[in-house]
Amino acid sequence: MSGKKALFLLVAMLLAESLQAFSLTINLYTGPSIGYLVSAAVNPSNGYIYAVDSQHNDVVIFDPYNYSFIGTINVGVEPIYITYANGFFYVVNNKSGTISVINPQTNTLVKTIYVGGSPQSVVVDPKNGYLYVVDNGIEIFTQSGQEVATLLKGFIITSIVFDPYTGLVYVAGNNPFMIPNNIVSQINGTTILRNVSMFIYAPSQLVVGNNEIYGISITSLNVFNPYNISNYTTHSLSLVLSFPCAVVYALGNIYAFSEGYEAVYAINVSNGQVSTLTPSVIYVGFSLSFSLPGQISDIVYDPKTNMLYVTGTPPNPIYVINPITGAYLAIGSQIQAQYAVYDNVSGDLYVANYQADSIYVLNDGKVIGIIPSINSPSLITYNTYNGVLYITNGGELVAENPYNGSILWKASAGKDAVALLYDPVDNLIYIADNSSNLVLAISPSNGSVISAIQVGNNPVALTYDPQNGLVYVANYNNESLSVINGTELITTIEVPFKPTAVAYGDGILLVGGEKVVSKPYSYPVVLNYYLAGIEGGKTQFTIELNGTPEFIAYYKGYAIITTSGLFNLVKLLVVNPSNGQIVSEKSVNVSFPTSVTIDPNEGLIYITEEYPYNQIYAISFNNLISTPPILSTTTTTSSTTTFTYTSTSISSKTTTQIYSSTESAVSSSSSGSSSFLIIITIVVMIVVIASVIIALRRR
Numbered sequence: 001m002s003g004k005k006a007l008f009l010l011v012a013m014l015l016a017e018s019l020q021a022f023s024l025t026i027n028l029y030t031g032p033s034i035g036y037l038v039s040a041a042v043n044p045s046n047g048y049i050y051a052v053d054s055q056h057n058d059v060v061i062f063d064p065y066n067y068s069f070i071g072t073i074n075v076g077v078e079p080i081y082i083t084y085a086n087g088f089f090y091v092v093n094n095k096s097g098t099i100s101v102i103n104p105q106t107n108t109l110v111k112t113i114y115v116g117g118s119p120q121s122v123v124v125d126p127k128n129g130y131l132y133v134v135d136n137g138i139e140i141f142t143q144s145g146q147e148v149a150t151l152l153k154g155f156i157i158t159s160i161v162f163d164p165y166t167g168l169v170y171v172a173g174n175n176p177f178m179i180p181n182n183i184v185s186q187i188n189g190t191t192i193l194r195n196v197s198m199f200i201y202a203p204s205q206l207v208v209g210n211n212e213i214y215g216i217s218i219t220s221l222n223v224f225n226p227y228n229i230s231n232y233t234t235h236s237l238s239l240v241l242s243f244p245c246a247v248v249y250a251l252g253n254i255y256a257f258s259e260g261y262e263a264v265y266a267i268n269v270s271n272g273q274v275s276t277l278t279p280s281v282i283y284v285g286f287s288l289s290f291s292l293p294g295q296i297s298d299i300v301y302d303p304k305t306n307m308l309y310v311t312g313t314p315p316n317p318i319y320v321i322n323p324i325t326g327a328y329l330a331i332g333s334q335i336q337a338q339y340a341v342y343d344n345v346s347g348d349l350y351v352a353n354y355q356a357d358s359i360y361v362l363n364d365g366k367v368i369g370i371i372p373s374i375n376s377p378s379l380i381t382y383n384t385y386n387g388v389l390y391i392t393n394g395g396e397l398v399a400e401n402p403y404n405g406s407i408l409w410k411a412s413a414g415k416d417a418v419a420l421l422y423d424p425v426d427n428l429i430y431i432a433d434n435s436s437n438l439v440l441a442i443s444p445s446n447g448s449v450i451s452a453i454q455v456g457n458n459p460v461a462l463t464y465d466p467q468n469g470l471v472y473v474a475n476y477n478n479e480s481l482s483v484i485n486g487t488e489l490i491t492t493i494e495v496p497f498k499p500t501a502v503a504y505g506d507g508i509l510l511v512g513g514e515k516v517v518s519k520p521y522s523y524p525v526v527l528n529y530y531l532a533g534i535e536g537g538k539t540q541f542t543i544e545l546n547g548t549p550e551f552i553a554y555y556k557g558y559a560i561i562t563t564s565g566l567f568n569l570v571k572l573l574v575v576n577p578s579n580g581q582i583v584s585e586k587s588v589n590v591s592f593p594t595s596v597t598i599d600p601n602e603g604l605i606y607i608t609e610e611y612p613y614n615q616i617y618a619i620s621f622n623n624l625i626s627t628p629p630i631l632s633t634t635t636t637t638s639s640t641t642t643f644t645y646t647s648t649s650i651s652s653k654t655t656t657q658i659y660s661s662t663e664s665a666v667s668s669s670s671s672g673s674s675s676f677l678i679i680i681t682i683v684v685m686i687v688v689i690a691s692v693i694i695a696l697r698r699r
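Going by our numbering, 157 is the number at position 157 of the sequence shown; the sequence numbering is gapless.
If you are wondering where the hints come from, they were derived from the structure by calculation, not from laboratory data.
Heads up, none of these hints are tricks.
Straight-line distance between alpha carbons at most 27 Å, and here's what the computed DSS-like set of lysine-lysine pairs gives:
1. Lys538 with Lys556
2. Lys556 with Lys586
3. Lys515 with Lys571
Could you build all of it, start to finish, from the sequences and the hints given here?
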């Protein structure tokens, strides 16, 4: 948890403000509780993935066709390995010394075989029903649990596989008390047919494919004749694979996960050439490239979907990887809903999942689909004519088909994209680039930049007037709004605060923001928060709020505004933009909102949340306006003032002060004075820290 979040939650607890929850929580993840998935296998009859969760002593069932979890099956203590044979799954339970047998037709545990010790893995010989259990060497059991032989006692077994073509078992291991100490063995039943000594490296992983037995080490690929393993060839890998810990054969390649580089690699079995399939951790100068987050334990391949499935640790315990393109989709138990947009045509809500590189599709409050997207999608909008989604992660912009997740084009989003907007009037995509002080006007057909428009310092928000296509840009650091017509800047409107949010609706331009001000007995400064309404270049009202206006949306002639601040949890305000009257205010159970969007058909307000994960909130507009209007305690009125383009000062403004301060008498006793000073000191410290955090957050 970041310092900002920790401080926010600490102060919230100190204030002990009771939340009024008027929201329906929508869980984006509705599957079982998932820990570390250490091993996986595919059910060949339906393609379902069965993965072992060693933390919860479960087998987790994953449906790869709609990216959903079916459920769990409880097995023994600390399961660490699973394999499929003879129509059953066999699960090795390390701590209980047992093997659980699962019938996938009923998804039930049908047998528990006691093998003792601390078994590591197992392969099944379907011809004679033998179980080859890796523990202290290879222990061979019948299906009833009777031990019939022990082979390679004293060897540390690194890998074991069964070849269905030859009906033989192949083992790689080493014995530290032998020279040479690395071997590959060929076993038939209870008999070792051959031991092949490996003088340099024994394979750390064996894999069966293409009527060959492949052995992978960190530097080489060994190709063994499955009928006579003494006959083998060796290819030096073109890239040293630091600790390959998971391998699978598919589509003429071996796909291996390198623990050291945290990436999946494709190995050409004919020459040992290695290519990177997914991003890897490789130092280039002083920069560090992206990698798959979390620890990866196993890779399986499903020929029905032609996809690789990689299992590992939360928050994304399963990755679905396209072995041809390298595109991957993370499926996880923790979901960071970064941004959402509602499609009026389809009625779908699209939610950008920052952690899992995907877009969740919701309808009627339920997840109906998951589509892969770019790395860490953060902002999303859509084309009202054809439904194409435009998504950015701060540096890259893509156009994506929402029905199948296909990427139509990719383009640069500048250096630091913080706001994204599609203008259907001019048929342009606008991106606010915060670090370069530019707004990019981009073609929706191919992503090319038509114009780079210089605006004010640190643009943070965008909105547009659908009647004439004017785009308004909130420039935080120089307290202004830039007005864009098509691809040209036509004017600049100055505002008396640092704008944080802007929205246009029903002929009114609403601007929310904050301003550092000095007040008597305050050290060093405090922040004031405002909402202003502008029409025809003139300010119609200015309201002082109790928190930073983060997001503004319009519905049925009302403005929906979220505010947040250190001393106040998230508020949802309903404002009449024609006169600046706050008609409703609610505290909502949201910690760190990242976007607000409206479903006009159902009258629902969707709020995505950065922390904690796994959920968004749907709030009925009718619940917000069910209470009487809030009456201001102190109101100061003055003449309406025009926002000028050359002066930063406002001669007068209409101010509605919503919150009045209440003063109480303080006892003159020493104990009362001391308590008061302590309270004042704590408050001052919190204000100082909050001022720094909020100021840094806006830069």
